[in-house]
Amino acid sequence: MRGLGALLWPALLVLCLWPGVLPGLLAPLAGGEPPTLDTPLWRLTLVHLGLVAAATVVVVALGVPLALAVTRPGRDALRDLTGAVAGLGQTVPTFALLALAVPALGFGWPPTLLGLVLYGLTPVVGNGIAALRAVDPDALDAARGMGMTPGQTLRRIELPLARPVLLAGIRTATVYNVGTATVGAALGAGGLGEPIINGLSQQNTALVMVGAVLAALLALSLDALLGQGSRQRQ
Amino acid sequence: MIELQGVEKRYGNAPAVEDLTLTFPEGALCALLGPSGCGKTTTLRMINRLVEPSGGRVLLAGEDTRALRPEVLRRRIGYVIQHVGLFPHLTVAQNVATVPDLLGWDRQRTAARVDELLDLVGLDPGTYRDQRPAQLSGGQAQRVGVARALAADPPVLLMDEPFGALDPLAREWLQLAFRDIQRRLGTTVVMVTHDIDEALRLGDLVALMRGGRLVQFGSPDDLVLRPADPFVRQFLGEDAPLRQLAGQPLSAFVSPGDPAGLPVVDASLDAREALGVLLREGADALAVQDGGAPLGVVRWHDLRGSGRRP
Amino acid sequence: MLAGAVLPWVLLRPNRLAPGDSVGLPPALLAGAVLLALLPGFSAWRTPRLTWLAAALTLWAGVWLLGNQTGAALAGQLPFARASAASGAWLYLLGAGVTSYGAARLAPRAGLAWLGLAGAAALLLSGHLNSWSVLVEGRAEGERWGAALAQHLRLVGGALGLALLIGAPLAVWISGRDRAAATVLGLASGIQTLPSLALLGLLIAPLSALANAVPALREVGVGGIGVAPALTAMTLYALLPVLRNGVASLRGVSASAVDAARGMGMTPAQLFWRVQLPLALPVWLSGVRQAAVLLTGVAAVAALIGAGGLGTYILGGLQSAASDLILLGAVPAALLALALDGGLRRAEGWLARRLGGPA
Numbered sequence: 309m310r311g312l313g314a315l316l317w318p319a320l321l322v323l324c325l326w327p328g329v330l331p332g333l334l335a336p337l338a339g340g341e342p343p344t345l346d347t348p349l350w351r352l353t354l355v356h357l358g359l360v361a362a363a364t365v366v367v368v369a370l371g372v373p374l375a376l377a378v379t380r381p382g383r384d385a386l387r388d389l390t391g392a393v394a395g396l397g398q399t400v401p402t403f404a405l406l407a408l409a410v411p412a413l414g415f416g417w418p419p420t421l422l423g424l425v426l427y428g429l430t431p432v433v434g435n436g437i438a439a440l441r442a443v444d445p446d447a448l449d450a451a452r453g454m455g456m457t458p459g460q461t462l463r464r465i466e467l468p469l470a471r472p473v474l475l476a477g478i479r480t481a482t483v484y485n486v487g488t489a490t491v492g493a494a495l496g497a498g499g500l501g502e503p504i505i506n507g508l509s510q511q512n513t514a515l516v517m518v519g520a521v522l523a524a525l526l527a528l529s530l531d532a533l534l535g536q537g538s539r540q541r542q
Numbered sequence: 002m003i004e005l006q007g008v009e010k011r012y013g014n015a016p017a018v019e020d021l022t023l024t025f026p027e028g029a030l031c032a033l034l035g036p037s038g039c040g041k042t043t044t045l046r047m048i049n050r051l052v053e054p055s056g057g058r059v060l061l062a063g064e065d066t067r068a069l070r071p072e073v074l075r076r077r078i079g080y081v082i083q084h085v086g087l088f089p090h091l092t093v094a095q096n097v098a099t100v101p102d103l104l105g106w107d108r109q110r111t112a113a114r115v116d117e118l119l120d121l122v123g124l125d126p127g128t129y130r131d132q133r134p135a136q137l138s139g140g141q142a143q144r145v146g147v148a149r150a151l152a153a154d155p156p157v158l159l160m161d162e163p164f165g166a167l168d169p170l171a172r173e174w175l176q177l178a179f180r181d182i183q184r185r186l187g188t189t190v191v192m193v194t195h196d197i198d199e200a201l202r203l204g205d206l207v208a209l210m211r212g213g214r215l216v217q218f219g220s221p222d223d224l225v226l227r228p229a230d231p232f233v234r235q236f237l238g239e240d241a242p243l244r245q246l247a248g249q250p251l252s253a254f255v256s257p258g259d260p261a262g263l264p265v266v267d268a269s270l271d272a273r274e275a276l277g278v279l280l281r282e283g284a285d286a287l288a289v290q291d292g293g294a295p296l297g298v299v300r301w302h303d304l305r306g307s308g309r310r311p
Numbered sequence: 408m409l410a411g412a413v414l415p416w417v418l419l420r421p422n423r424l425a426p427g428d429s430v431g432l433p434p435a436l437l438a439g440a441v442l443l444a445l446l447p448g449f450s451a452w453r454t455p456r457l458t459w460l461a462a463a464l465t466l467w468a469g470v471w472l473l474g475n476q477t478g479a480a481l482a483g484q485l486p487f488a489r490a491s492a493a494s495g496a497w498l499y500l501l502g503a504g505v506t507s508y509g510a511a512r513l514a515p516r517a518g519l520a521w522l523g524l525a526g527a528a529a530l531l532l533s534g535h536l537n538s539w540s541v542l543v544e545g546r547a548e549g550e551r552w553g554a555a556l557a558q559h560l561r562l563v564g565g566a567l568g569l570a571l572l573i574g575a576p577l578a579v580w581i582s583g584r585d586r587a588a589a590t591v592l593g594l595a596s597g598i599q600t601l602p603s604l605a606l607l608g609l610l611i612a613p614l615s616a617l618a619n620a621v622p623a624l625r626e627v628g629v630g631g632i633g634v635a636p637a638l639t640a641m642t643l644y645a646l647l648p649v650l651r652n653g654v655a656s657l658r659g660v661s662a663s664a665v666d667a668a669r670g671m672g673m674t675p676a677q678l679f680w681r682v683q684l685p686l687a688l689p690v691w692l693s694g695v696r697q698a699a700v701l702l703t704g705v706a707a708v709a710a711l712i713g714a715g716g717l718g719t720y721i722l723g724g725l726q727s728a729a730s731d732l733i734l735l736g737a738v739p740a741a742l743l744a745l746a747l748d749g750g751l752r753r754a755e756g757w758l759a760r761r762l763g764g765p766a
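Chains as they are written, first to last, in our numbering: chain A, 309 to 542; chain B, 2 to 311; chain C, 408 to 766.
Hint data in this document are derived by calculation from the structure and do not stem from the laboratory. Note that the coordinates shown come from a computational prediction; the quantities given were computed from them, not determined experimentally. Misleading hints may appear alongside valid ones.
Unchecked claim - Here are some chain C residues the structure puts well away from chain A; computed CB gaps all over 10 Å:
no.: 1; residue: Leu-556
no.: 2; residue: Leu-592
no.: 3; residue: Leu-609
no.: 4; residue: Arg-658
no.: 5; residue: Leu-684
no.: 6; residue: Gly-718
no.: 7; residue: Arg-761
Unchecked claim - Derived Cβ-Cβ restraints for the label pairs, each shown as a range:
no.: 8; chain 1: C; residue 1: Arg-669; chain 2: B; residue 2: Leu-280; range: 44 to 50 Å
no.: 9; chain 1: C; residue 1: Gly-568; chain 2: B; residue 2: Pro-169; range: 53 to 59 Å
no.: 10; chain 1: A; residue 1: Ala-442; chain 2: B; residue 2: Leu-280; range: 28 to 34 Å
no.: 11; chain 1: A; residue 1: Pro-445; chain 2: C; residue 2: Arg-752; range: 25 to 31 Å
no.: 12; chain 1: C; residue 1: Ser-596; chain 2: A; residue 2: Gln-511; range: 46 to 52 Å
no.: 13; chain 1: C; residue 1: Ser-596; chain 2: B; residue 2: Gln-136; range: 43 to 49 Å
Cβ coordinates follow ideal geometry from the N, Cα and C atoms, glycine included.
Throw the hints in and build the complete structure from the sequences for me.
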């Protein structure tokens, strides 16, 4: 049942991406005329996914080593500071963060990616630190006492124990970033935010709905699929 | 054999252990006893270099422990802690196999060793091999902990309050079972404890520490009957001779004699319980039976000597 | 105290000011800025207790340099000329800000590290920064900017109030009912999964249909775009933190305290008001804080559907490619979120100490 539930949202997403389906459904909102788009829906979706995937890769590549580095013994102050600064990233409003990057980086992908990465780092670093700290100190003492090197302790004990929480952080970051990437359309990054923004400025409700429905389904699909993935691996 | 020669440990200027010289003989079970903060755990952890000594030497079978990489040293020494520290993401078998894996044993040898050890600590391999630590009771978990420490057949085993977190029944059962295993394997054991009864009951030798220094090192009888100073007597308690009788099988005190008219007790009692019966009955001797068959008698002065050990 | 070790890397940049023709710092000031950038790191290494002072000094000096340089760049230029901060200044200020934030967390007294911010505010008020392009724009906007800020606060406050009005009783009700709690929390976290812009967009159709069907609602301002969908979406968003922390905090109340209270003969109502609620409040408040911070962000996005607020400036700035306008919206929005976060955090700490709950 759970497995089927996880496939519900992706199935709906695919259905809505089928040429003509979603615009047809939303036609009544635009006085019977299906909304027209300059870019095919599947392309917008792929651009969106690409943004999110690229950001997630960078976030994992930066965040996981960072969480590991600051949770080594004797670095408590650095760890607290990193946690606090990572939390700061998510306090600043998305739209403000993205827009603040524009004067420095111009429009399009660069400021959006920067925003996505900064946003995604919060849950990954935060969860990473929490997960590594939660590892039973007695298990670590036992591992050391049995003659594991620091590297072996990390690979055999710490990382496997921290993995579920760390994966949950990556999942949260990815799903958040589907939302942040939507706002990125206002900076010209493309993706599913584009029809929403265009629709809003043209007062075309159907166009807005096309983007909104797809962005929502994409977020729900990724959440369900990543959730399923982490459940199976446990 | 483990030799500590003038070992000391300082944190900043504060000494945790001072000028400690001690030899734990081959095959003996030695208890490190003392009030909390006396440096007994630090001493234990200096043997496998989880704590690096600030001075002095530790010799393991005549070899300076500093000559080895700490990890290599630790793989030769079993290590058991109070909270067991089983790895929750691994099965019981994988936990026990930790050190053999680190040493690069092949799969078959490891698997056979795991089953052998689970048998040894009284856990059926078929039942427990694939369980997770979370499924075990406290006593079972500590048995797995002992099996894990013994996996690579270390000549030396270090134990830090190994039975401290168990309920009294499980503790007593495991203490005796462990004592039995240790005798069979001939492993040299250093065990930290603050439980006086445990030290007196299990230890071949007991080292009593106070304030980072060794106060007295000797057999339980030495400490009980010939305390080195008032602290030893006070720490062990005035009832120490009585407590020492606890856990000693009554059969060790039995001598031939005429059981007629004496109160009858079963040989399953320990020496302290038998003393209790003597006091209650106001008798001078007891007739001992083993499942109904007469074994002999135990007299008041046999128990008073206390020095006899099985 | 490796604390500052990460941060000076961010600060270790030469500074250049003014766009179009980029103007660097004169050599003397450049050397000063580099030294100041290294100061917090050095201080964290040698005298960790004084890091807050170094960080404050760095932050203040950054702002002063900005004012000083924009003023210098404008000297002798036409009145239309604008001098804005360029990448070097931004990186410097960002680094100084992060350092101050970190130092504030580690300082003996949390308030100390914000001395730099107070100094910066003093510079702002004294007119030292008046040549900075953002403030030139800000002066031109004046009242409208104030109205946007007020609207932003109204949106956040309104949605938070609504979320508490709905969420607090609901949290109390479901905290004792496992199945209801699972359903409601599942629903709320599902809503949270939706992108904010998508949720705003999705509400347009139903709300405009509602306004068409019930003209009375249209009279009070309900419609597909504007404040109504923004408030609805924001309230829905804020429900999750309010509900989740509410349930967690109420369930986290120690069972023995509840048992003792029952044993002393408290009625269920007395039990709730005298024992459960006071013990749960600090944790619950942290949910309210999360909601407030979240809402500050969503309110900025809500400008896209015409709800007003500081997002209007961000949006306008993006559309006309005027970075000064963007900053006029983004910087206050970010500061507002940080201030709400900091303020409510302090309130949590105070409550926790007062009520003896977990700090």
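- Message: Tell me the numbers of any earlier hints that the structure contravenes, in ascending order.
- Response: Hints 3, 6, 10, 12, 13 are the ones this structure does not satisfy, whereas the remaining hints hold.
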